[in-house]
Amino acid sequence: MSDFRHLSVMPDEVIRFLALKNAGIYLDGTLGGGGHSRLILENAPQATLVGIDRDQAALAAAGEVLAVFGERFRPVHGDFAGLTAHLAQQGIPALDGFILDLGVSSHQLDTRERGFSFQQDAPLDMRMDTSQGETAADLLNELSELELERIIADYGEERWAKRIAAFIVKAREESPITTTFQLVDIIKGAVPKAKWDERIHPATRTFQGLRIAVNHELESLEQGMRAALDLLKPGGRGVIISFHSLEDRIVKHIFREYAEGCTCPRQLPVCACGKQPRVKILTGRPVTATQRETDQNPRARSAKLRAVEKL
Numbered sequence: 020m021s022d023f024r025h026l027s028v029m030p031d032e033v034i035r036f037l038a039l040k041n042a043g044i045y046l047d048g049t050l051g052g053g054g055h056s057r058l059i060l061e062n063a064p065q066a067t068l069v070g071i072d073r074d075q076a077a078l079a080a081a082g083e084v085l086a087v088f089g090e091r092f093r094p095v096h097g098d099f100a101g102l103t104a105h106l107a108q109q110g111i112p113a114l115d116g117f118i119l120d121l122g123v124s125s126h127q128l129d130t131r132e133r134g135f136s137f138q139q140d141a142p143l144d145m146r147m148d149t150s151q152g153e154t155a156a157d158l159l160n161e162l163s164e165l166e167l168e169r170i171i172a173d174y175g176e177e178r179w180a181k182r183i184a185a186f187i188v189k190a191r192e193e194s195p196i197t198t199t200f201q202l203v204d205i206i207k208g209a210v211p212k213a214k215w216d217e218r219i220h221p222a223t224r225t226f227q228g229l230r231i232a233v234n235h236e237l238e239s240l241e242q243g244m245r246a247a248l249d250l251l252k253p254g255g256r257g258v259i260i261s262f263h264s265l266e267d268r269i270v271k272h273i274f275r276e277y278a279e280g281c282t283c284p285r286q287l288p289v290c291a292c293g294k295q296p297r298v299k300i301l302t303g304r305p306v307t308a309t310q311r312e313t314d315q316n317p318r319a320r321s322a323k324l325r326a327v328e329k330l
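Letter 28 of the sequence shown, counting from 1, is numbered 47 in the numbering used here, and no numbers are missing.
Hints in this document: simulated from the structure, not taken from any laboratory.
Idealized CB from N, CA, C, for every residue including glycine.
One or more of the hints may lead you astray.
[What the hints assert, rightly or not] Ranges between beta-carbon positions, derived for each pair:
hint : residue 1 : residue 2 : range
1    : Glu153    : Lys212    : 28 to 38 Å
2    : Val289    : Trp215    : 51 to 61 Å
3    : Ala185    : His96     : 31 to 41 Å
4    : Trp215    : His96     : 11 to 21 Å
5    : Asp204    : Pro317    : 18 to 28 Å
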C-alpha cells in the first residue's frame, strides 16, 4: 500500500484551527492516506485519534503511515455518517476536535480499476467502499431518465443534464453501459461540441454527479457533520474542507444553524424559544490554499476550509 498517493490539503491551516490539546481525543472522519491524522498525532504527543474511512485501501495505507503511533491511532472501516456508533464502539463519548477532508482522493482518481476517472478506460464502479452498494454502472442502466437527469443536474451541476440523460437511456437500449469510456463517448455526443467548456472536460460534471449519488456523499456529510458537532466538548473545534459548491453550501448552512441563537420574532419582549448558540464560527469566509500550495498541489485550488468552536 506504499503507493497510495494523496497530498493532504491545507495542513498548516488545519493544525492552526484545531488548536490541539496535548492529550485530546480527535476524529479524522475521512482518513485517506493519513496525512492530517499524522500531523495531529505529531503535534499533540499524547492525543488519541480515531480515523474512519470507507475505502479499505486508504485504511491499509494509513495504517502503515500511522503504525508508529501505536494504540494512539484507532482505524475504523465505515462511513463517517455513522460516527456516533463508531465512537461508541471505541468507548469514546466526546471529542476535542475533528477534521473532514471531503471528496475523492488522488489515489482513487489515479487507480484505473476504481472507475472514478474519465481519463482512463475502466469498469464504471465509483464506490468508495467496494464491498457494498450499487456501482455507477448499476445506476446508469437501471434508473429512469428523469432520475438520471436529476442526479446529473443537481449533483453534477451540469446544464446539459436533460440531453445527457436522454442519450444515456438511448445508448443503454442497444447495450449496457459498463465502462468509463463508453459514458465519456455518450456525453461527448450529447453535448454540442461548440458548447464544450475549454477549461474542463465535458464529462467532468456528469462523473461528479454519479460519484456523489453512488456514495450518498451529501447525505453522509450532513449526518456526519451533525453527529461530530454534537459530540464536540466545549472548546472543541471542527474543521471541514470541501471541494465544490454543493458540499460548501451544506457546511456553511449547518455551521450557521448551530451558531444561531434566539429565533423569536423581534417584537417579542423576551425570548420564548430558548435557543442558544452551540458553536462559534471561526471562519467568516472560507479559508483557501496559498499560491505556493496550489503550485505544489493543484487539487488544493478548489478547496475551502471552514472551522467552528463548540460553546
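List in ascending order the numbers of the hints, as given earlier, that are violated by the structure. Of the numbered hints, just 4 does not hold.
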